[in-house]
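Each chain, written out:
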Amino acid sequence: MALKVDPMKCTGCRICEFACNYHHDGSISPIGSSLMYYYEEKKNYYGMMVKRDKTLMLGRPEGEKVLMPGEQIEGAGASAKPILLRIACDLCKEEDNGPVCMQACPYGVLSMEG
Amino acid sequence: MTMETMNNYNGTILIVDLDAKSCSTQDLTEELIEKALGGAAINMELYEQYKDREPLILGSGFFTATFAPAACGGVITAKSPITGKIAHVPFGWQTGVELKLTGFDFVVVLGKAAAPVRLWLHDGLSDINDSADIWGKDVWESTDKLREVYGDDMAQMLLIGKAGENKNPLAVVSENYWGGKDKAGLGAVFGAKNLKAVAMRGLGSLEVADGFFQKCVELKNGIIAGTIKGKAGLYDIGTALGIDAAALDKLKSITHRNDAGYNCAYPYYTFLKYNEAPTFVDMMGGSKEPGCLVSDLMGFASLAAAGVDAPRAMEKCYRLGLEPAAAGALLKKQGAGIDGLDGLAAGGAADGLAAWSVAGALDSAIAAQTTAFSMAVPTRAIFGGQLDADGWIKRQALAYVLGIDPVMAVLSPEITVENMAELVQISAEWDDFSADTLNTICAELVKKSA
Ligand code: SF4
Ligand code: SF4
Numbered sequence: 001m002a003l004k005v006d007p008m009k010c011t012g013c014r015i016c017e018f019a020c021n022y023h024h025d026g027s028i029s030p031i032g033s034s035l036m037y038y039y040e041e042k043k044n045y046y047g048m049m050v051k052r053d054k055t056l057m058l059g060r061p062e063g064e065k066v067l068m069p070g071e072q073i074e075g076a077g078a079s080a081k082p083i084l085l086r087i088a089c090d091l092c093k094e095e096d097n098g099p100v101c102m103q104a105c106p107y108g109v110l111s112m113e114g
Numbered sequence: 115m116t117m118e119t120m121n122n123y124n125g126t127i128l129i130v131d132l133d134a135k136s137c138s139t140q141d142l143t144e145e146l147i148e149k150a151l152g153g154a155a156i157n158m159e160l161y162e163q164y165k166d167r168e169p170l171i172l173g174s175g176f177f178t179a180t181f182a183p184a185a186c187g188g189v190i191t192a193k194s195p196i197t198g199k200i201a202h203v204p205f206g207w208q209t210g211v212e213l214k215l216t217g218f219d220f221v222v223v224l225g226k227a228a229a230p231v232r233l234w235l236h237d238g239l240s241d242i243n244d245s246a247d248i249w250g251k252d253v254w255e256s257t258d259k260l261r262e263v264y265g266d267d268m269a270q271m272l273l274i275g276k277a278g279e280n281k282n283p284l285a286v287v288s289e290n291y292w293g294g295k296d297k298a299g300l301g302a303v304f305g306a307k308n309l310k311a312v313a314m315r316g317l318g319s320l321e322v323a324d325g326f327f328q329k330c331v332e333l334k335n336g337i338i339a340g341t342i343k344g345k346a347g348l349y350d351i352g353t354a355l356g357i358d359a360a361a362l363d364k365l366k367s368i369t370h371r372n373d374a375g376y377n378c379a380y381p382y383y384t385f386l387k388y389n390e391a392p393t394f395v396d397m398m399g400g401s402k403e404p405g406c407l408v409s410d411l412m413g414f415a416s417l418a419a420a421g422v423d424a425p426r427a428m429e430k431c432y433r434l435g436l437e438p439a440a441a442g443a444l445l446k447k448q449g450a451g452i453d454g455l456d457g458l459a460a461g462g463a464a465d466g467l468a469a470w471s472v473a474g475a476l477d478s479a480i481a482a483q484t485t486a487f488s489m490a491v492p493t494r495a496i497f498g499g500q501l502d503a504d505g506w507i508k509r510q511a512l513a514y515v516l517g518i519d520p521v522m523a524v525l526s527p528e529i530t531v532e533n534m535a536e537l538v539q540i541s542a543e544w545d546d547f548s549a550d551t552l553n554t555i556c557a558e559l560v561k562k563s564a
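So the protein sequences, as listed, match chains H and P. Using the working numbering, read the first sequence as starting at 1 and increasing by one per residue. Using the working numbering, read the second sequence as starting at 115 and increasing by one per residue.
Simulated from the structure, these hints should not be mistaken for laboratory data. Where a beta carbon is used, it is the ideal one built from N, C-alpha and C, also for glycine. A couple of the hints might just be wrong.
Stated by the list, open to error - Cross-link-like lysine-lysine pairs, in silico, PhoX-like; alpha carbons within 20 Å at most:
# : chain 1 : residue 1 : chain 2 : residue 2
1 : H       : K9        : P       : K345
2 : P       : K366      : H       : K9
3 : P       : K562      : P       : K508
To be verified - With the Cβ distance kept under 7 Å, some of the chain H side facing chain P (calculated, not the full set):
#  : residue
4  : T11
5  : G12
6  : C13
7  : R14
8  : I15
9  : S27
10 : I31
11 : K42
12 : N44
13 : Y45
14 : E62
Next up, chain H with everything else stripped away, as it sits in the complex (with noise of 0.2 Å):
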């Protein structure tokens, strides 16, 4: 199972971001996510990446890319950087209701896959 991202569905509401830091520490906070929003403002480029077990996936407008260890974060910024040290996703297994970042997300962008 690993959650999936349909980039070009995503708005950029940021909502998935802070209902995820919610569920792993039950605060309102950017910090404490295993999602993170990335954006080129002025290109009016962005997606969602997701800090996954082992790899890291880039949910990009252009489709999705899953980065190993060690491998670049090329062109995500600066910004990107500091979700290698979060703690991965781990699927919600213990919510109720399912994922909380699916829950919250108004657009169906995100999805569990195998």
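Chain H is fixed; fit chain P with the ligands onto it per the hints.
Chain P with the ligands only, in chain H's frame:
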């Protein structure tokens, strides 16, 4: 009364004295929250408290940065140089959330700096930094420069361009690179204070009451299944409102993507690409400045009516920090092209004020009652529901107090006083809070802002 204030606020009001170039804080007390709840209503209380010192107040709403639907909003309160009355100018996108997460719920800016400055709010700290380096630079260059100086491309800005530096009443307070919802000339208030920018980076946190998240998901699901279902972007809003079809077709032909503000279920920010193919996506390649993000239909339509290339004229207004609806009306009157915008940003405003007259019977009915709320927000029910002048004012007051995006408050009749009052109860564990109290706070805001 008992309430849990830490679920909604940090508990801190920042007082910035530009005359003395110093900052101090005061507590955001339970008494003040009980009396005015948040956003524009608390801004008004602070305005009264400091009214002898030409206050400019940035406030976050009660729900700003939480899971409440469309809770992206902040609000700037000051005296409008256009009307001479109180104006509340909403800011949203990611800027409202960022303010609250800096650790400051409200920021009161007093007096005037001797030389250009900016505020840098981050992690519960506030710095007043000299801004000779960006004074005279346009909004885009200034935002780039500030993100570079502060080393964070996620930093969010409220700032002014040349129009604001010139204290021109047609100046807006911009949000990052884009014009926001300022139709009150508060950009000129920033300019008069020698305040070029407020840069914010928030890595703070709020607590969450039991059951709040689930209730918010339920409300959000009601909103997405409601009147906005199947609709997106400015094009659908403009079509429903009957805006000039040729201008809308142009907009559609260069639309790249529709974006949403924090936690907003309807993406009404539409990114237009005219310096590369609208469908082009590549983070590293392509144009560094391919287009601009438009959320102000009235401004876009006004520039289109002036016969200029509306998207490019919009970009120019954004760079100058100039209000596009009035600018378009003036260009038309002068028969000028895009370059005429430079003159408008530099020049006096006496001529420009005429261009601010509102259009339509509903707008006039609203203006007869209050000019405190932003007319960048459509004044008619868009995809469904009923809205008259009183209804619009009530919904706006609700949005400005709670920190709900004011366009979302018009787009989503599913957001009601009753369910918002219930959400206040759950969120702050505040059992005796009622819809009547919320109505009273909103009515009081309208009255005090008159
Ligand atoms: S599934 Fe759960 S842990 Fe994984 S990203 Fe979503 S909210 Fe976070
Ligand atoms: S909640 Fe959905 S639409 Fe919003 S940023 Fe996350 S994935 Fe995108």
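Okay, the hints, checked on the actual structure:
1. H/K9 - P/K345: Roughly 13 Å separates the two Cα atoms, so the pair holds.
2. P/K366 - H/K9: holds, 17 Å
3. P/K562 - P/K508: Cα-Cα ~14 Å, so holds.
4. T11: holds, 4 Å
5. G12: Cβ of H/G12 sits 5 Å from chain P, so the hint holds.
6. C13: Holds, about 4 Å.
7. R14: holds, 6 Å
8. I15: Status holds, d = 4 Å.
9. S27: With a closest approach of 4 Å, the H/S27 hint holds.
10. I31: It holds, given that the least Cβ distance between H/I31 and chain P is near 5 Å, below 7 Å.
11. K42: holds, 5 Å
12. N44: holds, 4 Å
13. Y45: holds, 5 Å
14. E62: holds, 5 Å
Comparing the model with each numbered hint stated earlier shows that all of them hold.
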